[in-house]
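With the sequences and hints as input, model every part of the structure.
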Amino acid sequence: MPAILCATCLDAEHVTAQPEEDLLGPLLPVLMPWLVTRRWFTHERGHLERLRTVSLSVLEEPGREAVLLHALLDARHEGSGTHHYQLLVGLRPRLPAALTGARIGQAESGRWAGWTLYEGTEDHELMERLLARTEQGAGGALQLSLTGSEPLPSGLSARALAVEQSNSTVVFGDRLLFKLFRQPEPGEHPETDVLRGLTRVNCDRIPGLVGWMHTEGTAQESVVLGILEEFLPARGDGWDLAVRQAADCVSGSCRVVPALDGFTGEAQELGRAVAELHTALGEAFGRQELGPTEIVGLVDRMRLDLRTALEQVPELEPYGGRLQALYEDFGKLAVRGRGRGLPGQRIHGDLHLGQVLRTEDGWKVIDFEGEPSRPVAERRLPQPVLKDVAGMLRSFDYAGRQALATLAAEEEASESERESAEQTAARLRRLRRAYAWSVRNRRAFTAGYAAAGLVDPHCHPVVLRAFEAEKAVYEAVYESQHRPAWLPIPLAAVQRLVSGR
Numbered sequence: 004m005p006a007i008l009c010a011t012c013l014d015a016e017h018v019t020a021q022p023e024e025d026l027l028g029p030l031l032p033v034l035m036p037w038l039v040t041r042r043w044f045t046h047e048r049g050h051l052e053r054l055r056t057v058s059l060s061v062l063e064e065p066g067r068e069a070v071l072l073h074a075l076l077d078a079r080h081e082g083s084g085t086h087h088y089q090l091l092v093g094l095r096p097r098l099p100a101a102l103t104g105a106r107i108g109q110a111e112s113g114r115w116a117g118w119t120l121y122e123g124t125e126d127h128e129l130m131e132r133l134l135a136r137t138e139q140g141a142g143g144a145l146q147l148s149l150t151g152s153e154p155l156p157s158g159l160s161a162r163a164l165a166v167e168q169s170n171s172t173v174v175f176g177d178r179l180l181f182k183l184f185r186q187p188e189p190g191e192h193p194e195t196d197v198l199r200g201l202t203r204v205n206c207d208r209i210p211g212l213v214g215w216m217h218t219e220g221t222a223q224e225s226v227v228l229g230i231l232e233e234f235l236p237a238r239g240d241g242w243d244l245a246v247r248q249a250a251d252c253v254s255g256s257c258r259v260v261p262a263l264d265g266f267t268g269e270a271q272e273l274g275r276a277v278a279e280l281h282t283a284l285g286e287a288f289g290r291q292e293l294g295p296t297e298i299v300g301l302v303d304r305m306r307l308d309l310r311t312a313l314e315q316v317p318e319l320e321p322y323g324g325r326l327q328a329l330y331e332d333f334g335k336l337a338v339r340g341r342g343r344g345l346p347g348q349r350i351h352g353d354l355h356l357g358q359v360l361r362t363e364d365g366w367k368v369i370d371f372e373g374e375p376s377r378p379v380a381e382r383r384l385p386q387p388v389l390k391d392v393a394g395m396l397r398s399f400d401y402a403g404r405q406a407l408a409t410l411a412a413e414e415e416a417s418e419s420e421r422e423s424a425e426q427t428a429a430r431l432r433r434l435r436r437a438y439a440w441s442v443r444n445r446r447a448f449t450a451g452y453a454a455a456g457l458v459d460p461h462c463h464p465v466v467l468r469a470f471e472a473e474k475a476v477y478e479a480v481y482e483s484q485h486r487p488a489w490l491p492i493p494l495a496a497v498q499r500l501v502s503g504r
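If you want the working numbering, it's the 1-based position in the sequence shown plus 3.
The reader is advised that the hints may include incorrect statements.
[What the hints assert, rightly or not] Computed spacing ranges between beta-carbons, pair by pair:
| id | residue 1 | residue 2 | range |
| --- | --- | --- | --- |
| 1 | L307 | P65 | 51 to 59 Å |
| 2 | V465 | R53 | 45 to 53 Å |
| 3 | G268 | R290 | 24 to 32 Å |
It should be emphasised that the hints constitute simulated quantities derived from the structure, not laboratory data.
Computed from a predicted structure; not experimentally measured.
The beta-carbon is built from N, C-alpha and C at its ideal position, and this holds for glycine as well.
Here is the structure:
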C-alpha cells in the first residue's frame, strides 16, 4: 500500500541528507532545478527560500520496476507568499528510449540512488496505475470520486497531451481526459464545482464531468488534484483555427469575399455557444441583481488593478486617467442609470479563443478554473456576463494581430534588405486587413451572442468597454512580464478604448 510521508522544510540552496524515512528529501536536489523551469511554476521576486513536503504517496507494484511518486509541495520565495505544487515523478532503474524526453535527472542518494527521475505523466503505465488504484480505493490518501454509479471502462491506454499549458493533461483511450492541477489549493476546486453544476443541468456545451481525484479529509480540508471528464475529439481550439484563417486573409490569399469572411460564421456560432453556456450557468447556480455595494466593489477592484498595472507598465501611464474614467462611467451607469442594479451570475471568468474547442457537435467550452491570478473565493462571485464577452472580443483582436506578427516574422527571416516603399505599402495593407478581420469577427460573435443570450452586448457599450479595458490592462501587465514583444497589442487596444473607438 502507498505510504504518506512528511518532511521538514528544506533550504533550496543547501539541501542536506534527510532522515531515512524521508524518501523525497534526497531527490530534491534533482527536482528543484527542473521545477523552476516548468511553465506552471510561479516565479516571484526573491530567491526560492524553501520547499516543504506536505505529503508523499508512493505507488509501486511487485514485479514492476516503475515507481510513481505523488508529492504535494509548498514553495516559499523570500519576501513573498507560498505556492502549492503537485508533482508526479516517475522512477526507473533504466529509462526506456520512449521516455528520454521526460527525463529530469538521476538520484544520487536515498532509496532510489542511481535511478532516473522523469515526468510521470509521460509514462502511460504509471498513469494507468494511478487511475486504477484511485478508483479501486487502493491509492492511500489519493482518492477518485465518480459522478456516476458505473465503474470506469477498463483497459484504456493512457497518453499525455503535448500542449503548452499550466496544468498537465492525460487522455485515456480517446474516451476520458484527466486534467491534473499543478497548483492545487485546499477546498472545493472551482472547475469541479462548475462542471458538476453544468452536468447536472445537462449543458451540452461542455465536456461532461466523470469524476475528480482528491486527498482525504473534509470538503474544506481535502485538496482536489485533478478532474476526469469526457474527452472531446476536436478539429482544433478556437485560437489555432482563428489565427490560421486570419493569416490567410491578412496575406491576401483569400481571393473572394465569402472566403475573406470565412471565419465569421464560426464566430457567430461561438457567440451562440457562449450565450447558451451562460444560460446554463444561470440555471445551475442562480442569478441575482448586483446592487450598489457589489458594483462599487467591482469598480474598486478595477481601480486597484489599474494602480498596480501603472506601477508595473510605464507605457500605460498616458492612459491612466482616461482608463479610470471608463471604470467610473461603468459604475455610475450601473448604480444610477439602471436603478435596480446590474444582472450577475456565475461566469467562466477566463474566456478566450484558447478555451473553446470546435467539435463535430459544435463549439464546446473548457477550462473553468477562472482567472488564475484571482483568489478562488473571488472567482465564485456573481459577475456580469459581459465580462466573459469582453474577454472573447479581446481574443479576436489578439488573433488578428498574431496572424500579422506571424507573417512579418516569416518575411524578416527570408529578407535582409531594407524595407522598400512597396514593402511598406504591403505591410500597411496587411495591418488594415488584420484590423478588419478582427472587427468582422467581433461583430459576428456579439451578433450570435445577442441572438441566443439574455443580454444584447450592443445595448451596453459602456459596460462592455469598461470590461474590455480591464482585460487589456491585465494583458499589458502579462505581456510586459512574459512577452515584451507582444506589449503593443494590448496598448493599441487601450488607446482605441479610451478614444471611444
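Hints the structure fails to honour = none
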